[in-house]
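Dock chain B against the given chain A, drawing on the hints supplied.
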Amino acid sequence: MTLQWGYKRAFVRCALLFVAGTALQIAFGDLDNGFLRYPWGLIIALNYLYLLVLIHFQKDRWKWLSQLADHYACTSSLASMVLMTIIFGLTRQDPSTEGLVGLLGFSRMTSSWAFNIMLLYFTTTTGLAVMEDLQHIRKRRVAAVLSHLAVFVLLVAAIFGSGDKLRVTVTLQEGTPTHWGVSRAGEKVDLPFVLTLEDFAMDEYAPKLYVLDAITERSSREFLSVEEVGAEATIEGWQLKAVEYLDMAGHMLDSDEYRAMEHVGAAPAVYVKARNVMTGSTVEGWVSCGSFVFEPSYLFLDNRLAVAMPRREAKHYLSRMNIVDEDGDKRSVEIEVNHPARVGAWRIYQMGYDTERGRWSEVSVVECVRDGWYSAIHIALWTMLAAGVVMFLTAGGRKRKEVKR
Amino acid sequence: MTWEQLIWYAAVAILFWVAGAVMAFRGSRKWTAAVASLAGSAVFLTFIIGMWIALERPPMRTMGETRLWYSFFLSLAGVAVYVRWQYKWILSFSTLMSVVFICVNLLKPEIHSKSLMPALQSVWFVPHVIVYMFAYAMMGAVTIFALYLWLKKYDATDEELSACDNLVRIGWAFLTLGMIMGALWAKQAWGDFWTWDPKETWAAATWLSYLLYLHIRGHVKDQNTLFALLIFSFLLLQMCWYGINYLPSAQGASIHVY
Numbered sequence: 001m002t003l004q005w006g007y008k009r010a011f012v013r014c015a016l017l018f019v020a021g022t023a024l025q026i027a028f029g030d031l032d033n034g035f036l037r038y039p040w041g042l043i044i045a046l047n048y049l050y051l052l053v054l055i056h057f058q059k060d061r062w063k064w065l066s067q068l069a070d071h072y073a074c075t076s077s078l079a080s081m082v083l084m085t086i087i088f089g090l091t092r093q094d095p096s097t098e099g100l101v102g103l104l105g106f107s108r109m110t111s112s113w114a115f116n117i118m119l120l121y122f123t124t125t126t127g128l129a130v131m132e133d134l135q136h137i138r139k140r141r142v143a144a145v146l147s148h149l150a151v152f153v154l155l156v157a158a159i160f161g162s163g164d165k166l167r168v169t170v171t172l173q174e175g176t177p178t179h180w181g182v183s184r185a186g187e188k189v190d191l192p193f194v195l196t197l198e199d200f201a202m203d204e205y206a207p208k209l210y211v212l213d214a215i216t217e218r219s220s221r222e223f224l225s226v227e228e229v230g231a232e233a234t235i236e237g238w239q240l241k242a243v244e245y246l247d248m249a250g251h252m253l254d255s256d257e258y259r260a261m262e263h264v265g266a267a268p269a270v271y272v273k274a275r276n277v278m279t280g281s282t283v284e285g286w287v288s289c290g291s292f293v294f295e296p297s298y299l300f301l302d303n304r305l306a307v308a309m310p311r312r313e314a315k316h317y318l319s320r321m322n323i324v325d326e327d328g329d330k331r332s333v334e335i336e337v338n339h340p341a342r343v344g345a346w347r348i349y350q351m352g353y354d355t356e357r358g359r360w361s362e363v364s365v366v367e368c369v370r371d372g373w374y375s376a377i378h379i380a381l382w383t384m385l386a387a388g389v390v391m392f393l394t395a396g397g398r399k400r401k402e403v404k405r
Numbered sequence: 406m407t408w409e410q411l412i413w414y415a416a417v418a419i420l421f422w423v424a425g426a427v428m429a430f431r432g433s434r435k436w437t438a439a440v441a442s443l444a445g446s447a448v449f450l451t452f453i454i455g456m457w458i459a460l461e462r463p464p465m466r467t468m469g470e471t472r473l474w475y476s477f478f479l480s481l482a483g484v485a486v487y488v489r490w491q492y493k494w495i496l497s498f499s500t501l502m503s504v505v506f507i508c509v510n511l512l513k514p515e516i517h518s519k520s521l522m523p524a525l526q527s528v529w530f531v532p533h534v535i536v537y538m539f540a541y542a543m544m545g546a547v548t549i550f551a552l553y554l555w556l557k558k559y560d561a562t563d564e565e566l567s568a569c570d571n572l573v574r575i576g577w578a579f580l581t582l583g584m585i586m587g588a589l590w591a592k593q594a595w596g597d598f599w600t601w602d603p604k605e606t607w608a609a610a611t612w613l614s615y616l617l618y619l620h621i622r623g624h625v626k627d628q629n630t631l632f633a634l635l636i637f638s639f640l641l642l643q644m645c646w647y648g649i650n651y652l653p654s655a656q657g658a659s660i661h662v663y
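The listed protein sequences derive, respectively, from chains A and B. If you're matching positions, the first sequence starts at 1 in our numbering and goes up one per residue. If you're matching positions, the second sequence starts at 406 in our numbering and goes up one per residue.
For the record, the hints were derived by calculation from the structure and aren't laboratory data. Hints may be right or wrong, so weigh each one.
The calculated DSBU-like cross-link candidates involving lysine-lysine, where the alpha carbons are at most 30 Å apart (straight line), are [claimed, not checked]: (1) B/Lys-557 with A/Lys-273; (2) B/Lys-513 with A/Lys-241; (3) B/Lys-626 with B/Lys-493; (4) B/Lys-493 with B/Lys-435; (5) A/Lys-139 with B/Lys-626; (6) A/Lys-241 with B/Lys-519; (7) B/Lys-435 with B/Lys-626.
Going by beta-carbon spacing under 7 Å, a handful of chain B positions derived as facing chain A [said to hold, decoys possible]: (8) Ile-575; (9) Leu-582; (10) Gln-593; (11) Ala-594; (12) Thr-600; (13) His-620; (14) Gly-623; (15) Tyr-651.
To give an idea of the chain A side of the interface with chain B (calculated C-beta under 10 Å), a few residues [said to hold, decoys possible]: (16) Phe-57; (17) Tyr-72; (18) Met-81; (19) Met-109; (20) Thr-176; (21) Met-351; (22) Thr-355; (23) Trp-360.
Using N, Cα and C, we set each Cβ at its ideal position, and we do this for glycine too.
If we strip away everything but chain A, and leave its shape as in the complex, we get (with noise of 0.2 Å):
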């Protein structure tokens, strides 16, 4: 078997194999992956581990066994992702089916028939190799190793465990036990625990200021942070001056005066003093940025230009709630982004608030995420950090044996 023509023949069998799912997207349609739902997922996966063990037990005997594991077969299907990757990427992911790529399923590339037997073949390799590298693991280099099984397991999770993952979003009252939410395919789903908001709570950054052009309805590129009183910018022409800040304030009806109000509904705002640094003129007056219960308020510092605030960006939000779960037992938690809360199998991710309500927000929306497959890929991915490190520590010294050599 001369090189060439191993690579040749890999390559035209990964052109088939490509070709095979093209056919089977345009017969079948999207690939769906009910049907991996526990305990079938498992079963299935379960199966094809028991499968590659035969193959690779027998591949000495069969040589188009043999043919799956070799060289040219990993450096192929490895090549073949890559190509696949990088249509994925250039594709554009949407449900659409029209015109050529959606007819090959590329517009929804993850079910798509063609990425997936590709993915499968690429899995198929590296669990070989991983085989391979266990059973003669004393000549294998420890990186190698370590990622060839990481890479693997994480493919087997991510293939086999693709319909066991369950997500529910549930939009939580504050003091409404709660023990429902809607999946991602729309559909009412129970939950094993009760959930019961007892508070939202949301920080927010500093507010901004920014000149507005009404002529040509753009935002000033600067800004004027107000993080304290006396904070000063020069924007458009422009000099501001911050003279008050009210972190919640309101003003009366028949008033543009702001005044210090603790009341929900309260909006910041920041009294304005403005210099035209070309003619001295000056303007001043209140901004605000507004709430649910009050309009948002401009400084016109000219017939086109004028001084607003948009609401403030959230810096931390949480949701104070406590979970009852199948047991009875009751507990308090607090979860925040990048903080999820785990009830058995099931973790709890904020999600959303009361964009409109902001920091007054009486809602909080969660997300419930049941991954039965979690541990798997968590002990995958910090055996691929692991091989990472080991890969950067001896990557210099492979140099010098082979200068020795």
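This is chain B only, laid out in the frame that chain A set:
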């Protein structure tokens, strides 16, 4: 520290880097050139740390801020390669590339806001970005090296190819670390390890392409194929880094917009 002060810190850093590059080129003592270059990197790092303190958050949120780290790590990668293998031209190239990215930052100044959206407030934010920028810098260095070897009149020696491999191994190890940290972070923030966001898709393509290089390196005799693959992989990396900001298929589809 403000963005306006970049030009002064950059000027001093570039002076040191150029001095290091000239010393290396003239065949001065190894450590003299390395120390001069490192002094430049230290000045540049001072600016980055100053920005970090002034912004009260890591300067890693905007494209311009990532370019600062890239210039910094590229200068370090240059010194590392120089100390390890003494290629006298490497410091000139790493300086040139660092300067190009500094110039982009000077010509396209950014307005920096202190705000950091809640999703970015994670223990993974700093290591994820730093590790990726270091990987990008290593891959930048190996691309320059590959171009140099490709354009040379004679075939690359085993030692030169081996240096290429080692740079790719280090870069790929860091790409892996960045990707895995991103996956662990994504799970904590959104409940998914991987969502095929355009940035992730191109990161996967880049990672797979360099992995392909590592797999064919010992089997393919034609050096041109190897160098072409390295340069192609670096193009994928550019697409992942900032190309998706302009790519029609990624518009409005990525959460990694900055």
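Item to check | Violations among the numbered hints | outcome: Going through the list in order, the structure violates hints 1, 7, 12, 14, 15, 16, 20, 22, 23 and respects the others.
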